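**Student:** The chain contents come next:
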Amino acid sequence: MPSVKLKAINKSFGQRQVLQHIDMEVGDGEFVVVVGPSGCGKSTLLRIVAGLESPTSGELWFDDRLVTQVPAHARNIGMVFQNYALYPHMTVFDNLAFGMAARKTAPSAIKHRIDEVAQLLEIEPLLHIRPGALSGGQRQRVAVGRALVRSPFAFLMDEPLSNLDALLRERMRVELRRLHDRMRIPTLYVTHDQTEAMTMADRMVVMRNGRILQLGRPEELYHRPSTVFVAQFLGSPPMNLVSVKVLPDKGVAVAGKDPQVIPIPARIREQIGGRNVVWLGFRPERVVPQTDGAVEGLDFTATVHTVETLGARYHVHGTWGESPITWVTTEREGLTGSVKMKLTVPWDQVHWFDAATEERMVSPERESIPVQVGGTL
Amino acid sequence: MNRRVPLSEDARVNSATGGGLLLWLSWWNAYALRETLVGYGLILPSLLVFLVFYYGPAIFLMYIAFFHWNIFASQSTFVGLHNFSVLIHQPVFWQSLLNTGYYVVLVVPVTTLLALALALLLRETRNLRGGGLSQALVFLPHVTPVVATSIIWVWIFDPTFGLANAVLHFLQLPQLGWLSSVHWALPSVMIYTVWHSVGLYTVLFLAGLATLPKQVLEAAQMDGVRGWRSFRRIILPLISPITFFVIVLATINTMQTFSQIYTLTGGPHGGAGGPAFSTTTDSLLIYQTAFLYLHFSLSSAMSLVLFALILTLTLVQKLIADRMVFYR
Amino acid sequence: MSKFIAYGLRAVVAAAMAAPIYWVFVIATGYHGAAYSIPPVWRPLFHWAPFLFVWTHTPWARYVVNSVVISASTIILVVVTSALAGYALAELKFPGNSMYFYVTLGVMMLPQQALLVPQYVVMYHLHLLNTYTGLIIPFAASTSGIFLFRQFFMKLPVSYREIARLEGVSTLTYLRRVAVPLARPAVATTVLLTFISSWNQFQWPLIMTVSSQLQPIELALSHYMQAYQSHWRELTAAALIALLPILIVFALTQRHIVSAVAGGEVTQKD
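Line order of the protein sequences matches chains A, B and C.
Per the working numbering, residue 4 is the first one in the first sequence, and the count goes up by one each step.
Per the working numbering, residue 677 is the first one in the second sequence, and the count goes up by one each step.
Per the working numbering, residue -19 is the first one in the third sequence, and the count goes up by one each step.
To be clear, the hints were calculated from the coordinates, so they are not data collected in a lab.
Hints are supplied without guarantee of correctness; some may be wrong.
[Said to hold, decoys possible] Simulated restraints on C-beta separations:
| # | chain 1 | residue 1 | chain 2 | residue 2 | range |
| --- | --- | --- | --- | --- | --- |
| 1 | C | F(-16) | B | L782 | 31 to 39 Å |
| 2 | B | M738 | C | S177 | 39 to 47 Å |
| 3 | C | A(-14) | B | M898 | 39 to 47 Å |
| 4 | C | A41 | B | L757 | 24 to 32 Å |
[As the list claims (entries may be wrong)] Cut-off 27 Å, straight-line C-alpha distance, at most; resulting in silico cross-link-like pairs (DSS-like, lysine-lysine):
| # | chain 1 | residue 1 | chain 2 | residue 2 |
| --- | --- | --- | --- | --- |
| 5 | C | K135 | B | K890 |
| 6 | A | K248 | A | K114 |
| 7 | C | K73 | C | K(-17) |
| 8 | A | K107 | A | K248 |
| 9 | B | K890 | C | K(-17) |
[What the hints assert, rightly or not] If you want the ones that stay clear, here's a sample from chain A, every Cβ over 10 Å from chain C, calculated:
| # | residue |
| --- | --- |
| 10 | N86 |
| 11 | L123 |
| 12 | E125 |
| 13 | R172 |
| 14 | Q235 |
| 15 | G254 |
| 16 | V310 |
| 17 | G340 |
All values reported here derive from a predicted model rather than from experimental measurement.
Glycine included, each C-beta is placed from N, C-alpha and C at the ideal position.
Hey, can you work out the whole structure from these sequences and the hints?
**Tutor:** Put into structure tokens, the structure is as follows:
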């Protein structure tokens, strides 16, 4: 059962601690995406797994083998770099063969293995040309091929799609994921792009400032973000966050000249406890027009400012009290500047965060999160 | 993993992390150690050459200059400043310093100014036909072997049949004795040196001019700053770092001129060093003292003086430059 | 108008710079008394017979071979030592890395003329006087070569080396198969500059060699000059032997040489 386990990994460069107590696992056949803003330590994490850096403390296990002290080349890792790192003066074949030749593999075995991989990735026609003559997508595939020829124990990918244009990136996303579904090699994938993370991952890890903020299936993180940061980092447009004052008994009030008072269910009020101010969050796509009493939810009135047309839907930017908010609708009608709209968000789609710790307070009342078919945990 | 009974909570934590730390040290240090060893291995070949043939001799020089010393008899006695006192009583030593000074003081400014002028000329006309060829021809003398081209220059300087006097004749100027004249031998060498080296400095100036920020020049042109004023107020300050570099390089190079002096004024032309020692510069005298008269200690003392002179000059130039050079 | 003046001035300057080299051809391939003509001859006749006479009556072939052997060996050694040290300086972390940078730089600061005597003594004790080795080894490492390779290796993406590390490729294999082939411009520049300086060597062979068997071309030429003074046609023909290889190499690579000397900035269009 190939799996990669990180136990209490810490890493400092001098005084600066870039990774703090990282615990995570990439299970058998799993595709785990680490996502976070630049400088969050995700690349360092990947390089520690590869053996290009050493952790300051902690353990790294491949299956039941402790590899913390195993040098990089003995870990049998296939790695794909952001710039692909294909040697421009060698043909694709020589690029794929370079590592094996250095390990003194028999030429016939090298040829056999490269043919196998080339067939799998459909790069046979490219084998005898140089990387300079390849398109971005082809280079990407060759880089994957080079990682694949050694039949790696695990795959490490460092922002492999960020050098491609938007359209190609979308295609390669699907292609990489399909390849993974065939090979089922544990994969640790690092990116700063939340869409990539959401669409590709079996499980994802959101990192910030060297810490793991949340770890779980994409749906889990999307629907139950554990912190304000995760809530805003995932999803586009990002989650609306509104600071509200907690009223003694009735409910909450939005800041502004004419504060709207919103009654809240007793269950939520209970969990808010003695806090004076809390963050209230809801996703733009969960906002619906008020239909008298049909939906139990957060009712409020917002002022429309601008409308972005995306074809199938519209992004409406407006304000609720003094807080800017965004919502998504498919109805263009009646959306003009400074129109007031009555909106609602079902209570189970409203997220509550502590204003000081920015951590989640109240779980929405939901039975379950839609589970991806075939997803492994 | 740890079979021993832990003494306390702290001890257990320590042994766990301590063990991990030890393992980490062993691997990462082994990697770092390997990289260090590989690094030393890679620099070793060049380091050996530098130590044995450059730094070693430089240190050794300090030693022999203060000893009475003979290479073949392998006898050496400490004589303190004796070699230097012998030196200052030799008129030819002072003559050589004077010649070197004369030579450097003329060659360095002339070469630098000429190189700057040529660079400006080549830059202004770079878009006209043959720009590359002109630049190549200006640079060409610098890559030619000194002895081979000295041969033709000896002919050029020939008082009777040479090109130099033919040109003077054409210009209706008095003819000169050139290499065979006490007054003109060193200037002849200077002319050769300027011809041979100006291309190098021209190319360095061109490189400096190429890095000038285009916007600054254009802005100046829009403000109506042109010609000499633009050169004096804008270009000159901007290329002052490269000018400084050229002057230092030219000084170090001219102070050590040897090959052309040896070939142009050697043998047939009044003995090596020109008629009446008129082209005997310090490097020629160092060579003659050591390899003709085999006075190694004396030659070393001279070398040390030259060493100190070059060092002092470079430092003085650096001090002046710090006040005048405009670093971007 | 001023453009034409500048253009004309440039033509005159370029011609003046090339003139002495041009006259080597004129006199070497001219008629017998060409050098003694008043006014001077200015048109080459391309008589190659005197040139062949000079070539066959003195063992120039031997001297050319000496120069070729010395230059070729120096070039190979300089490229190797520069690539190795340049790589160490650019890519490897080891205590003393930055110090070695200054050690390399310092060599350029040492005045060559002041070192002749102690260098001679070192060569004497190493028994390298009057040997090929003695003419080659002191020039087997070069500051500019090391800096050039360092510069180039620093431009290579770090991931090139890391891929090699993950694949278990040794440093030397990586250097030989990846880093040096990718640094071809640095190799070319080092080869050219080393060729020019080593072909033009004069003073070092002058003090190092006794036997005429070892003389490189420039030194042989200087002896020939003393023996055949004022035999201008013979002298210039001999000079041509030393000059031609340089002229040919320069004609083929002048753009590269000029930009190499200028630090790779001249040929860049702004």
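**Student:** Failing hints, ascending?
**Tutor:** Violated hints (numbers, rising): 2, 3, 4, 6, 7, 8, 10; every other hint is consistent with the structure.
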